[in-house]
Structure formats: C-alpha cells, structure tokens
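Protein chains: 4
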Amino acid sequence: MSKGTVVLAYSGGLDTSCILVWLLEQEYEVVAFMSNLGQDEDFDEARKKALNLGAKEVVIEDQKRELVEDFVWPAVRAGLIYEDRYLLGTSLARPCIVRGLIKTARKFNAGYVCHGATGKGNDQIRFELGCYALTPDIKIIAPWKDPKFYDRFPGRKELFEYARQHNIPLPVTPKAPWSIDANMIHISYESGILENPATHPPEGIFQMTTDPEKAPDTPEVLKVGFKAGVPISVSLTGDATHVTNPLEIFTTCNRVGSKHGVGRIDIVENRFIGLKSRGIYESPGLTILYKAHQDLELLCLDREVRKIKSYLSTRMSEQVYGGFWYSPEFEFTNKCIEESQKLVTGSVTLKIYKGNVYVLSRNAPVSLYNEELVSMDVQGDYDSSDATGFIRLNAVRLREHERVKETINKMK
Amino acid sequence: MSKGTVVLAYSGGLDTSCILVWLLEQEYEVVAFMSNLGQDEDFDEARKKALNLGAKEVVIEDQKRELVEDFVWPAVRAGLIYEDRYLLGTSLARPCIVRGLIKTARKFNAGYVCHGATGKGNDQIRFELGCYALTPDIKIIAPWKDPKFYDRFPGRKELFEYARQHNIPLPVTPKAPWSIDANMIHISYESGILENPATHPPEGIFQMTTDPEKAPDTPEVLKVGFKAGVPISVSLTGDATHVTNPLEIFTTCNRVGSKHGVGRIDIVENRFIGLKSRGIYESPGLTILYKAHQDLELLCLDREVRKIKSYLSTRMSEQVYGGFWYSPEFEFTNKCIEESQKLVTGSVTLKIYKGNVYVLSRNAPVSLYNEELVSMDVQGDYDSSDATGFIRLNAVRLREHERVKETINKMK
Amino acid sequence: MSKGTVVLAYSGGLDTSCILVWLLEQEYEVVAFMSNLGQDEDFDEARKKALNLGAKEVVIEDQKRELVEDFVWPAVRAGLIYEDRYLLGTSLARPCIVRGLIKTARKFNAGYVCHGATGKGNDQIRFELGCYALTPDIKIIAPWKDPKFYDRFPGRKELFEYARQHNIPLPVTPKAPWSIDANMIHISYESGILENPATHPPEGIFQMTTDPEKAPDTPEVLKVGFKAGVPISVSLTGDATHVTNPLEIFTTCNRVGSKHGVGRIDIVENRFIGLKSRGIYESPGLTILYKAHQDLELLCLDREVRKIKSYLSTRMSEQVYGGFWYSPEFEFTNKCIEESQKLVTGSVTLKIYKGNVYVLSRNAPVSLYNEELVSMDVQGDYDSSDATGFIRLNAVRLREHERVKETINKMK
Amino acid sequence: MSKGTVVLAYSGGLDTSCILVWLLEQEYEVVAFMSNLGQDEDFDEARKKALNLGAKEVVIEDQKRELVEDFVWPAVRAGLIYEDRYLLGTSLARPCIVRGLIKTARKFNAGYVCHGATGKGNDQIRFELGCYALTPDIKIIAPWKDPKFYDRFPGRKELFEYARQHNIPLPVTPKAPWSIDANMIHISYESGILENPATHPPEGIFQMTTDPEKAPDTPEVLKVGFKAGVPISVSLTGDATHVTNPLEIFTTCNRVGSKHGVGRIDIVENRFIGLKSRGIYESPGLTILYKAHQDLELLCLDREVRKIKSYLSTRMSEQVYGGFWYSPEFEFTNKCIEESQKLVTGSVTLKIYKGNVYVLSRNAPVSLYNEELVSMDVQGDYDSSDATGFIRLNAVRLREHERVKETINKMK
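Protein chains in written order, with full-length UniProt numbering: chain A, 1 to 412; chain B, 1 to 412; chain C, 1 to 412; chain D, 1 to 412.
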C-alpha cells in the first residue's frame with residue numbers, strides 16, 4: 001500500500017540518493033526528477049543509480065534553453081542584482097527547476113514533491129514557494145526539516161552508514177570543505193570553512209573561471225546586441241563568431257567570461273530567512289550581459305523612466321532572491337519592466353581583460369542621446385540663458401531654507 | 001566707479017583668464033579665487049598671471065583636507081553612486097569649491113561671484129545652487145550664459161584674439177580634443193570627440209591611472225578600517241604602510257588604485273538639465289573605498305535597515321549630482337545615513353590587481369553575522385522546522401493568487 | 001505684415017481679453033481658443049466678445065467627455081492624490097486644454113500659443129510643458145512673464161485703463177478677493193486674502209458644494225461599479241438612477257457630492273516651482289470616486305502588488321501636478337498602473353452624508369479576499385501552527401539585533 | 001513540580017480565563033498580567049477572578065501615559081497610516097502591552113509568556129515578535145496555535161463546558177457576533193458576521209463614537225499645538241479648555257472626536273500573514289491629531305524633505321502594523337522621522353462637525369511658507385522671467401522623447 005507518488009528533485013549525489021531510499025522506506029513511490037541546466041553531471045549514470053535504488057521512473061529534462069530564455073533574459077532585461085552585487089545565478093535556476101518538477105508531478109499525478117535543501121538556506125524557500133504557487137494543493141516533503149529524518153542522520157557518519165546498508169554508491173572524491181551549487185550560469189560556494197567571513201577564498205576554489213592572474217594577456221572585444229532589453233546577438237571581433245540563438249549567445253558570453261576570469265565575487269548577503277551568510281560566486285557570462293545591458297539602458301531610457309525602472313528592478317531582485325518568481329508581484333513587476341524596455345535596442349562593445357569588463361562604446365538606432373544638443377561646440381536647439389532661470393527656480397527652496405535657518409539662529 | 005567686487009572661480013586657464021579681463025572691462029573689481037584640490041597646477045604661476053591681468057587679489061585655498069573629510073567621507077559612508085556607476089568625483093568637489101568661494105566673497109564683502117562653466121553642463125548648477133543656498137542674496141555672473149559675452153566669443157578663435165590683445169598668455173600645449181576636469185579624487189573627460197558615444201576612449205586619454213594592461217603583474221593587498229561608516233585607517237600588507245590621517249588614507253588608496261589601474265569607467269549619464277552626456281572618468285582611491293565600505297556594510301547592517309538606507313543613498317546621490325549639497329533634503333538625508341552607520345565598524349581586506357578590486361575578507365568587532373546560526377554543521381539557536389511554517393505562510397498570498405487565476409480562466 | 005498666428009487660451013475674462021488686444025498690437029493674428037470643461041461660462045457671449053476684439057477666429061471645444069474619459073479616469077484608476085490631500089482637479093484639466101490648444105494650433109498652422117498664467121503658479125508649467133511636449137517647435141507667449149507686458153500693467157488699474165481704451169468690456173461684478181479656477185471636476189480658490197495661511201476660509205467662498213452644515217439630514221447611498229479600475233456605473237439606491245455613460249457617471253457623483261457638501265479641503269501645498277502656497281479646493285464627485293476605488297482596490301489587489309502600485313501612484317501624482325502629463329515617465333507609469341488594475345473589478349457601496357463618504361460594503365466577482373481562509377470560526381486551508389514558525393523566523397533578525405546591542409552594552 | 005512560571009496576558013474574559021486554568025493543569029505557575037490602556041474594564045473584579053482561578057499573582061499596570069507618550073506620539077509625529085486608511089490603533093497598543101508583559105516576566109524571573117491570540121491574526125505576531133525582540137530567550141505559549149489546546153476546544157461549546165467544570169465565570173451578556181479589541185485610542189470590530197465584506201456595518205456596532213447623524217448640530221473648534229512634530233497642547237475655543245499634559249491632550253481630542261462621530265472606518269486590509277481581512281475601526285482622537293499634524297507638516301517641511309519623510313512614514317507604518325516595533329528598522333526609521341520633524345512646530349485650528357475634521361488655519365513661528373514670495377500681488381524676491389528658462393529646461397527631455405517617437409513612427 002503506497003502512500004502515494006513523490007517527485008524527488010534528484011541531484012545524483014549522496015544526500016538525495018539517501019532521501020530516495022528513505023522515501024521508499026516511508027512507503028512512497030518515487031519518481032526522480034533531474035534538471036539539466038548545463039551543470040557538469042553524468043546524467044545517464046545518475047539515471048541508472050536512481051533506478052537501481054528503486055525509483056519508479058527517472059525524468060531528466062534538458063532545461064538549458066528555457067533557463068536562458070525564460071529566466072536569464074528577464075533578469076538581464078530588468079538588470080537584476082541583489083544587494084548591489086549578486087546576479088542571482090542560483091535564484092534564477094530554482095524556479096526553472098520548479099517548473100520541471102511540477103510538470104513531472106502533474107504527468108505522474110503525484111501529490112508530493114520532495115527536495116534535499118536544508119532549513120537554513122534560501123533554496124528550500126525558492127523550491128517550496130514555487131511549488132505551492134504553481135499547485136496550491138501540492139504536499140512538500142523536506143527531509144532535512146523533518147525530525148524523523150534529521151534526527152536519524154545527525155551527521156555525515158550516519159548518512160554514510162545508511163548508504164552502505166542500502167547499496168547507495170559512496171562519493172569517490174572527498175567532499176570539499178564547502179558546499180557547491182552549479183548550473184550553466186553560475187557556481188556558488190558556501191558553508192564549511194567559508195562560514196567565517198574573515199577567511200580568504202581558498203586557493204583553487206573557483207571551477208568556472210580562470211584565475212584573472214592566469215588569464216590571457218590579450219583582451220577580447222565583444223559586441224552584444226539587444227532588442228527591447230533582451231540580448232539578440234553576440235559577436236567577437238577577434239574571430240568571425242556571430243551568434244543569435246539565445247543559448248549560444250549565453251554560452252558565448254560565458255566562454256569569453258570564463259576564459260578571462262570575469263564575474264567572481266565574495267560577499268556577505270542577507271538571506272530571506274533573516275540570517276547573514278557568506279558566499280563566493282562566479283557568473284562570467286551573466287556579468288558581461290549585465291554590464292552591457294546597463295550601458296545601453298542609459299543611452300536609451302529617459303532619466304525619469306530609469307529612476308522608476310530602477311526602483312522596480314530592486315523590488316524584482318528581492319522577489320527573485322526570496323523565491324517569489326511565481327507571484328502576483330513578480331508577474332506585475334516583470335510586465336512593468338518589459339514596458340520600460342521597449343526602446344532599449346542597440347549594441348554595446350566591451351573589452352574583456354583579466355576579470356574586467358570595460359565598455360568601449362554603445363550604439364542605438366534610436367536614442368535619447370542627442371549629440372548636437374549636448375555638444376559644447378554647437379548650440380543646437382538649446383538656449384544657455386534658459387539655464388539661469390532654471391537654476392534660480394531650483395534655488396527658491398534652498399534660499400528659503402537658509403532664510404529659515406537664519407531666523408532660528410536669531411531666535412536663539 | 002566700480003560696479004562692485006566679484007570673486008571669480010579662477011582656474012588659471014585661458015577661459016577664466018579672459019573672463020577676468022572681461023570683468024575688469026565691465027568695471028568690476030576682481031578677486032581671483034583658486035581652490036587647491038590636489039589637481040596638477042602651478043598655483044604660484046597662476047597667482048602671478050591673475051595679478052598681472054588686473055586681479056585686485058588672488059586667494060588660493062588649500063582645500064584638500066576638507067575635501068576628503070567633509071565631502072568624500074560622507075559620500076563613502078553613504079555609498080554614493082550616481083546611476084549605479086559614477087562615484088561623483090566632480091560633484092563632490094563643487095560644493096567644496098563653493099564653500100571656499102563664498103568664504104572669500106564674505107571676506108571681501110563681494111556682492112558677486114563669477115564662474116566659467118557653460119550653460120549645458122552640471123557644474124553651473126552645482127556652483128550656482130551652492131552659492132544661492134549659502135548666501136541667498138549673492139549675484140552670479142556666468143559669462144558663458146550671458147549673450148554679452150558669448151556673442152562676442154562665438155568660438156576659440158575670438159577668444160585667442162582677445163587673449164592676444166590683452167596679454168593673456170596663450171596655452172603652450174594644444175588643447176586636447178576633449179575637456180578635462182581634475183581634482184585629487186577624480187579626473188573626468190568629456191566633450192569634443194567624446195561626444196559621440198560610439199567612439200572608443202582614445203588611446204592615452206587617462207592621466208591618473210595606469211593602463212590595466214600595463215599595471216603590475218603582482219597584486220597588492222590592502223586593509224581598510226572603518227568606524228561608523230567612515231574610513232579610519234589603511235594598511236598595505238606588502239610593506240609597513242599604515243596610515244590613519246584622513247588625507248593620507250585617501251592618498252594611499254589613490255596611489256595603490258592608480259598604480260593598478262583601478263576605477264576607470266566610460267558611461268552615458270543623465271545630466272540634471274535633462275540631456276544625456278558621455279563621460280570617461282577615473283577615480284582610483286574612491287573606487288577602492290566604495291567597495292570596501294559596501295562589503296563591511298553588508299556584514300554590519302540589518303537587512304531591513306539596509307533597504308531603507310539604500311533608498312536614502314540613491315536619493316543622496318541624485319542630490320549631490322544635481323548640485324543640492326547645501327539643501328534641506330541633503331542635510332536631512334545625510335543625518336539619516338549617519339544614523340544608519342553607527343554599527344558599521346570593522347575592516348575589509350582587498351586585493352588590487354589590474355583594474356580589479358577583490359574583497360578577500362571582512363571583520364567586525366560586533367556584527368549581525370552569526371557564524372553559529374548560519375552554520376550548516378551546527379544547529380545553533382535555530383529550529384529548521386520553523387522554516388516550514390514560515391514558507392507556508394509566505395505561500396498564502398501566492399496560492400490565493402493562483403486560485404483567482406484559475407477562477408478567471410474558468411469564467412472565460 | 002503679421003508676425004504669425006497665435007492661438008490664445010482665452011477665458012473670456014478681463015486678463016485674456018486685454019492679452020488678445022495686446023497681441024494684435026504686437027501684430028500677431030489671434031485665434032481665441034476656449035475649452036468647455038463644464039465651467040459656468042456663457043460661451044456664446046465670450047465668442048462674440050473675442051470676435052469684437054479682433055480675434056481672427058474663435059474655437060470653442062466641448063472637451064467634457066474627453067476630460068472625464070482620458071484624464072479623470074486614469075487618475076481615478078491610479079488613485080492619484082498629491083501630497084496626500086489634493087485630488088488634482090486643476091492639474092487634470094490642464095493637459096486636456098493643452099490638447100485642444102495644440103489641435104487648434106495645428107489646424108491654423110499657428111507657430112505660437114499664448115496663455116494668461118502668471119510666473120509664480122503651476123499652470124504656466126502645465127501649459128508650457130504640455131505644449132512643448134506635443135509640438136517641440138512651438139513658441140510660447142506668456143505675457144505675464146514678459147516685461148514688455150507686465151511692466152506696462154503693473155496693477156489692476158492699468159489693466160482697467162487699457163480695457164477702457166480698447167472697448168474691452170469691464171467685469172460687472174467686483175472681483176473676489178481671491179482667484180478662482182473652475183471646471184466641472186473642481187474649483188480652486190487661491191491668492192489674495194487666502195495667501196495668509198492663518199486666515200480661515202471666508203464664509204460663502206465655496207461655489208460647487210453645499211455647506212455640510214446646511215446639507216440634507218438624510219444620507220444618500222450610492223453604488224459605484226468598476227472594471228479594471230475604471231468606473232463603469234453609478235446607481236443611487238434612493239431613486240432609480242443607474243448610469244453607465246462616463247460623463248453621466250461623473251456628473252452623477254458630482255451632483256450627489258455637491259448636494260451633501262463632499263470634497264472640501266483647505267491646504268498648504270508645495271508648488272513645482274519651489275514655493276509653498278495655500279489653496280482651498282472642492283472636488284465633490286472626484287472625492288467619491290477616489291474613495292470608492294481605493295476601497296475596491298484593497299479587496300482586489302495583492303498586498304505586494306499594491307505596495308508597488310502605491311509607489312507608482314505617488315510618482316504619477318507628482319508627474320501630473322508638475323505638468324508632466326505628456327512625458328515618457330507618465331506614459332510609462334500610466335501603463336504600469338493600467339497593468340496593476342486588471343483585476344480591480346467590482347462595486348462599492350457608499351453612504352454620503354454632510355461632507356462624509358462612508359464605505360458600507362464592497363463586492364467583487366473575483367477577489368483575493370477569501371472568507372473561509374480568514375474566518376475565525378472555520379479553519380479553512382490554513383494550519384495555525386504554521387504561524388509559529390513564521391514568527392520565529394521573522395524574529396531571527398530581531399533577536400540578533402538585541403544580541404548585538406547587549407554585546408555593545410557590555411563593551412562599554 | 002512546576003514546569004516554570006508563565007506570565008499570561010490576561011484580559012479577564014472567558015478565553016484567557018480558560019487558558020489560565022489550562023496552564024495550571026499543564027503544571028505551570030501563572031502570573032496574570034493586565035495592561036490598563038483605558039479600556040472599559042473592571043480591573044479589581046478581574047484581579048479577583050484570576051486569583052480565584054489560581055493565579056500566583058496578578059499584575060495590573062496602568063500604561064495609559066506610556067501608551068500616549070511612547071507609542072501614540074511617535075505615530076502622530078510620523079503620520080503613520082497603514083494602507084492609506086488605518087491609523088494603527090491596535091498595532092500601537094500591542095508593543096506597549098509587550099513592554100509591560102516582559103517587565104513582569106523579568107520581575108518574576110519567568111521563562112514563559114502566554115497570550116490568547118489566534119493563529120490567523122496580526123496580534124499573535126505583534127506579541128511574539130515583541131517578546132522575542134526584547135528577550136531573545138523567552139519561550140512563548142500560544143494555546144490557540146497548540147493542537148493540545150485547540151483540539152480540545154474546537155468550539156465555544158467545549159470552552160463553556162470547561163469553564164463550568166472549573167468554576168470559571170461565564171459571560172453574562174451574549175457574545176457579540178463579532179470580536180472587539182478596545183483601548184483608549186481605538187476600538188476595532190472584526191470576524192463573525194463582519195467577515196463578509198459585502199455586509200454593511202451593523203446598526204449600533206460602534207461603542208466609542210456618536211453616530212454622525214446623531215452628533216451635535218453645532219461644530220466644535222479645536223486648536224492643536226505641536227513642537228517638533230509632537231502634540232504639546234489642545235484648546236477648545238468653545239470653552240476655556242486648554243491642556244498641555246500628554247494624556248489630557250489625547251483624552252481631550254478623544255472626547256471631542258467621540259462626541260462628533262469622528263474617525264470611523266470600514267476597510268479591507270492586508271494582514272501580515274498574507275490574508276485579507278475586513279475591519280471596522282474607530283479612532284476619534286487619533287484622527288484629529290493625524291489631520292492636524294499633516295497640515296502643519298506641509299507648512300513646515302521642505303518639499304523634498306517631505307517626499308523622503310513620506311517614504312519613511314510608509315515603511316514605518318508597515319513595520320508597526322507587522323509587529324516590528326522593537327526592531328532595528330523601526331529604531332532607525334523612527335530616528336530619521338524625529339530628525340525630519342525638528343521644524344514642525346506651530347498650531348493648527350480645526351473644525352469638528354458630524355464626522356468631519358476640517359482644517360481652518362495653521363500657524364508656525366518659523367516656516368518655509370513665504371507669503372510675500374507666493375503673493376500674486378507682490379513680486380517679492382522672485383523674477384517671473386526665470387520661470388521661462390525653468391520650464392524650457394524641464395521640457396528638454398519631453399521634446400527629445402517626442403523627437404524619438406517621431407523617428408520611430410517614420411521608421412515604421
């Protein structure tokens with residue numbers, strides 16, 4: 001008598017393998033779901049492993065293209081950045097996985113989903129909020145928050161013991177003294193020895209980008225094209241590369257960024273659950289696209305529209321970071337951002353060199369930049385004497401303020 | 001019969017020299033005021049020049065220390081950055097100069113001040129608003145906005161001709177095909193051939209920073225200490241340098257940043273007068289201090305306090321950029337920021353390498369970062385099962401939203 | 001030899017009549033434009049007057065319907081209110097008039113428009129910004145800001161003298177000791193004896209609304225229907241009134257509001273030019289619609305969407321007040337607001353009584369209000385024990401903050 | 001063997017009496033805490049009742065004065081209003097009660113506090129967050145969220161039965177078909193038949209204010225004095241009343257407001273837990289003070305300072321509503337608000353009539369209102385022709401935007 005079907009977000013690693021077996025012990029039927037987001041993983045091997053452990057079925061979904069088109073592009077268009085530094089590499093992948101997970105749950109008519117995220121992190125929230133939002137009646141099993149599970153596995157030792165008992169293959173390489181989350185847009189390193197914010201990032205921790213000190217001595221020049229705020233092309237001036245397919249645009253930026261050591265950060269951030277945590281991240285391609293978009297936006301967007309858009313972008317960053325991708329506020333904000341970007345069309349040329357992304361120039365077929373108007377050499381349709389009155393009226397409040405201060409001083 | 005005394009913001013260059021002579025022609029008495037903000041200038045030579053041209057007096061004020069303490073420090077503490085990229089190097093210098101100018105005007109009982117800024121830029125606004133704010137009754141002469149002046153000097157040719165007639169020394173080096181504004185914290189390049197946003201920054205334009213491609217191959221490690229958000233020390237780990245004097249802190253950061261090519265940007269920005277302009281800027285030391293402060297702040301500031309502070313910082317950036325340093329809103333915002341920074345005390349260690357500023361670690365005697373609480377290995381004072389309820393309640397709105405969407409779909 | 005054609009925003013009053021004659025003296029051809037916004041005016045008489053004075057043509061445009069549909073409805077939908085109190089009755093009428101004025105200018109191929117607003121008010125800005133925005137090359141004649149005009153007419157006496165000389169009919173009733181601006185949505189009273197903010201509003205100043213103390217002793221009950229945030233119907237429960245035509249909806253609300261003394265305010269506000277001014281306003285119908293919409297919105301809008309919408313609404317109020325109706329930021333904000341209101345459909349029942357507007361109830365076919373979920377008597381799909389974890393996690397930051405404060409206290 | 005001491009927030013009513021007995025059953029020692037916030041309650045009777053039921057001690061704290069000075073005054077100064085309508089009458093009382101509760105817990109060295117709030121409301125959050133913030137290690141017992149309790153008492157019947165068994169006095173009057181929360185500043189009515197947002201407020205529900213239709217026919221005129229944003233006096237012009245003591249200021253406003261039916265609202269609001277709820281509130285005195293302060297603020301605060309203050313006020317309203325009175329963000333925001341109000345000193349005269357609060361006039365010894373500057377009859381220190389340039393420069397962006405739109409149209 002099964003309690004029902006669970007779709008498990010399966011990584012192929014030790015934890016979710018143990019969870020898979022534990023779910024079977026609890027008399028669930030288990031469908032293992034794996035999302036291929038371009039991470040370095042042997043999916044065939046993982047499929048075999050899950051089936052061997054008793055999974056009723058294994059669903060491996062290639063979500064790379066939807067990750068780029070449906071999650072990364074809106075982020076680039078909005079200029080999302082959390083707390084001024086984090087480009088949300090992990091946060092963007094989560095709702096993409098959730099989409100695959102829920103699609104699978106519907107396909108198998110499963111009443112449960114299960115994930116291996118812990119109770120102190122952001123990912124539990126992104127998974128669970130996403131699942132609840134898409135299927136309000138879903139039930140979520142989160143073993144690392146369930147005393148039945150975590151009391152049984154208080155440490156790695158008990159997990160290894162359990163693995164041995166249940167023929168769960170043990171990892172062949174020793175675990176890094178930190179945890180890693182990887183997808184094609186981003187790798188994050190957290191926990192373990194990194195938990196002390198005063199420790200320097202360990203030598204050799206980065207897996208996605210070349211050490212800037214070892215990066216090529218010759219810069220690379222890149223041109224990114226945008227339409228309505230969304231990347232539509234990348235060309236490298238060094239060779240004949242010119243790509244227009246979303247996935248290729250992203251991987252090209254990634255390749256160049258990785259080679260030149262772009263997009264490494266080491267930050268302390270505020271988790272949604274109220275804790276501060278330290279993370280080390282690398283997002284090479286996303287960093288390049290973020291900077292290119294930002295530059296073009298300044299050329300194309302009216303100043304006051306940009307101010308409002310900037311407010312919306314900050315809100316949207318918080319929404320995405322906090323797991324509210326599938327929410328009324330995200331839907332609304334995203335629509336507003338889309339509206340703001342109608343004129344953000346053109347291209348930006350960038351120089352990539354040893355971790356740096358320099359903007360060299362930008363171009364837009366139609367823009368608010370008016371070379372004649374701004375020129376110091378041409379008058380254009382501009383009367384300098386207007387500035388006098390402009391400033392005089394802007395000074396009205398300031399002069400009144402000074403007058404009031406003087407009055408108060410005299411009263412003392 | 002003099003019309004009265006004018007204090008002229010004198011740069012020593014051709015334009016303000018011509019203005020000086022022109023003011024004398026208009027029957028004003030002229031006091032030339034020069035602010036020493038660390039720019040590369042022969043002040044003695046300039047003094048002689050102004051006196052030769054007929055200035056009644058020349059006042060040269062060393063404002064370097066007040067620039068750092070009274071203008072740069074509040075900016076660093078607030079994390080000021082205009083339109084996400086510009087650290088306000090010129091904008092911060094202007095109110096400092098205004099202070100010197102007005103002090104001089106008071107000393108000489110002058111009813112007028114005069115500046116050589118044009119009618120299309122931001123600096124006219126920063127000068128004039130500042131002057132009006134500090135002395136509501138001051139009268140401002142801005143020749144480049146006065147048809148009496150600019151109709152007489154429609155181009156460089158007429159200015160040269162005038163200079164020759166009045167024994168105004170002509171520049172010995174040909175004018176760069178762009179305009180430059182320099183002070184110890186920043187150099188900006190604008191206008192001329194840079195007005196086309198699609199031109200790449202010309203080779204050799206930068207004067208303050210080494211080309212990153214030619215910068216040392218060996219990184220430099222720097223430790224910046226802060227108290228209540230303000231820098232209080234810098235040490236270099238490579239040598240025995242440890243400085244605590246504000247001016248030395250700044251010049252040390254500047255020296256290291258310059259050597260390693262830090263702080264170059266090429267941007268299009270929105271001027272306060274409503275035009276878009278393109279500028280190329282370098283701010284080596286300020287870039288380092290901005291990044292160090294940002295990192296420490298995340299360690300020390302509560303998440304929700306930071307959100308509000310971030311809003312205030314954006315407002316303050318707009319105020320400073322727009323010339324509203326001496327305004328009720330700046331006074332208020334600056335006080336709020338000061339209040340927010342009481343706990344931002346500690347230090348940040350940074351690696352500087354070929355244009356990059358990498359944070360390596362951070363440290364605070366008292367901080368909201370709780371290593372035990374965030375640890376994945378220790379439970380700390382945290383019950384993971386609380387997260388379940390937390391997420392469930394955060395999902396209430398999302399599930400309701402989905403329910404409404406389903407209802408609407410059924411109604412269709 | 002005419003200097004060209006001017007379209008004059010003509011009110012029929014003394015000032016614009018004098019301006020009309022003065023423009024002819026300056027050798028312009030004058031087309032007088034009058035907008036019928038429902039103000040109390042004898043348009044036929046005004047037409048004759050303008051023709052008699054020499055206007056080449058008089059255009060009287062009935063803009064009542066467009067005022068309601070294109071200007072008032074977006075304001076109601078957005079919940080516009082300036083500085084928390086002013087419903088923008090005058091500000092909304094200005095861009096409507098500008099539209100008529102520019103349409104007329106195009107029809108007559110006029111290179112000039114002229115208005116009679118003064119240099120200290122908001123209306124000059126709303127007129128001129130609107131005209132420049134719609135026709136960037138238009139030239140604007142503003143006699144009250146032109147020394148040629150205002151030096152000639154330093155007071156009412158000179159204006160009367162001029163009127164007598166040019167057969168301009170003099171007003172038969174003595175001028176009120178304040179100025180009035182009226183349209184069908186609003187009357188404002190300013191200037192003169194009202195300039196002292198400590199004077200009470202004079203007895204009998206209000207023209208549009210009954211004194212609440214003299215209003216009916218019997219309340220009136222009104223039901224307003226909305227679709228996507230826009231009013232679509234009004235019914236009175238007291239009689240069989242049920243209207244669905246936009247103009248009738250508005251006039252019905254106005255009628256009820258006027259009768260019951262609704263919508264009077266006496267405020268000090270911040271003008272766009274930086275001055276503070278005192279105004280007394282009445283907006284009966286708009287007040288009712290504002291309150292009805294606000295109530296329905298809370299029923300229909302998600303909490304977080306509402307927060308963002310509220311930010312946008314404040315921005316839009318500032319835009320409209322400042323004369324930026326025709327601007328990129330208004331276009332953008334208005335679109336966002338429209339997007340936010342898709343689900344704001346339903347009706348609100350209100351009781352109107354002696355100046356008060358009480359909400360009695362509200363109803364929406366589809367809403368986020370879930371009676372079962374909120375019920376204290378039914379559990380619904382809600383597990384109270386989830387609240388424990390929710391609060392515990394929300395307390396994490398607060399407890400850490402307390403911990404830090406204790407540490408600091410101990411360090412002292 | 002006692003499990004320890006619990007301080008119970010005791011109301012004297014049936015629920016908390018049952019909870020008291022139930023806690024004794026669970027082998028806690030119980031200290032009953034009652035806060036006297038001016039609600040209509042026989043505290044002596046309640047004390048006897050609690051002691052009879054087995055409370056170890058009963059602490060009754062008169063917190064009226066601290067409620068006004070430490071909670072209401074900061075709210076008035078900040079202009080707090082939640083979702084544009086709710087003056088936070090209940091929200092302000094909660095942290096005041098928490099203070100008394102925690103003080104009592106410390107006095108009795110109690111490790112536990114207990115409250116009778118349910119799991120669907122806001123009050124549980126305000127109580128618990130406040131307690132956790134002030135004493136991070138406190139343990140909270142919330143029976144209505146504990147299955148041990150609520151499974152035992154699924155309805156009123158079981159509660160009555162339990163009361164009968166334990167000699168808990170049963171209420172003599174039948175329970176109103178809604179729940180009531182009352183303190184001296186506010187009464188709220190929720191739940192029961194009010195849960196349907198389409199039902200009209202029942203006849204006779206209001207306990208604190210006269211029905212406006214039955215309120216006096218003669219208005220009352222009131223003058224409220226403020227210093228730095230805080231009320232310092234109230235006088236009634238009708239009699240010789242002039243009070244300056246905080247508690248008396250508040251009760252005087254309350255008395256006048258109550259008599260004239262001021263401060264009734266019927267709203268749907270967004271609870272912090274994510275639900276929408278309907279509440280009917282009355283806050284007579286607070287409404288008067290809110291309106292008076294708002295009016296004075298516009299006279300005294302610079303426009304741009306007010307904008308920032310307005311943002312802060314909205315944040316602070318959310319903080320207070322959500323139970324974050326004792327939080328880093330509240331501390332910070334409150335300090336900023338205090339800073340903003342330094343010049344908000346003066347008085348406002350109001351007319352109170354049948355539910356309305358009309359501002360008649362305002363006065364400030366020092367204010368930014370400059371009667372001469374704004375006068376239409378006097379030029380003051382203002383040059384109207386400056387407005388021309390001011391508008392021209394504000395139009396730069398708008399004209400550029402139009403130019404871009406035309407270009408795009410031509411491209412189509």
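Among these hints, one or two may not hold up.
Reference excerpt, derived from the structure (chain D facing chain A, CB under 7 Å, subset only) [what the hints assert, rightly or not]:
1) V366
2) G389
3) V404
4) T407
Think of the hints as simulated: they come from the structure by calculation, not from any bench. Remember, predicted model here, so these are calculated numbers, not experimental data. Cβ coordinates follow ideal geometry from the N, Cα and C atoms, glycine included.
Taking the hints in turn, this is what the structure says about them:
1. V366: Holds - the Cβ of V366/D comes within 7 Å of chain A, reaching about 5 Å at its closest.
2. G389: Since chain A brings a Cβ to about 3 Å from G389/D, closer than 7 Å, the hint holds.
3. V404: It holds, given that the least Cβ distance between V404/D and chain A is near 6 Å, below 7 Å.
4. T407: Hint holds; T407/D Cβ to chain A Cβ min 5 Å, cut 7 Å.
In the structure shown, no violation is registered for any of the earlier numbered hints.
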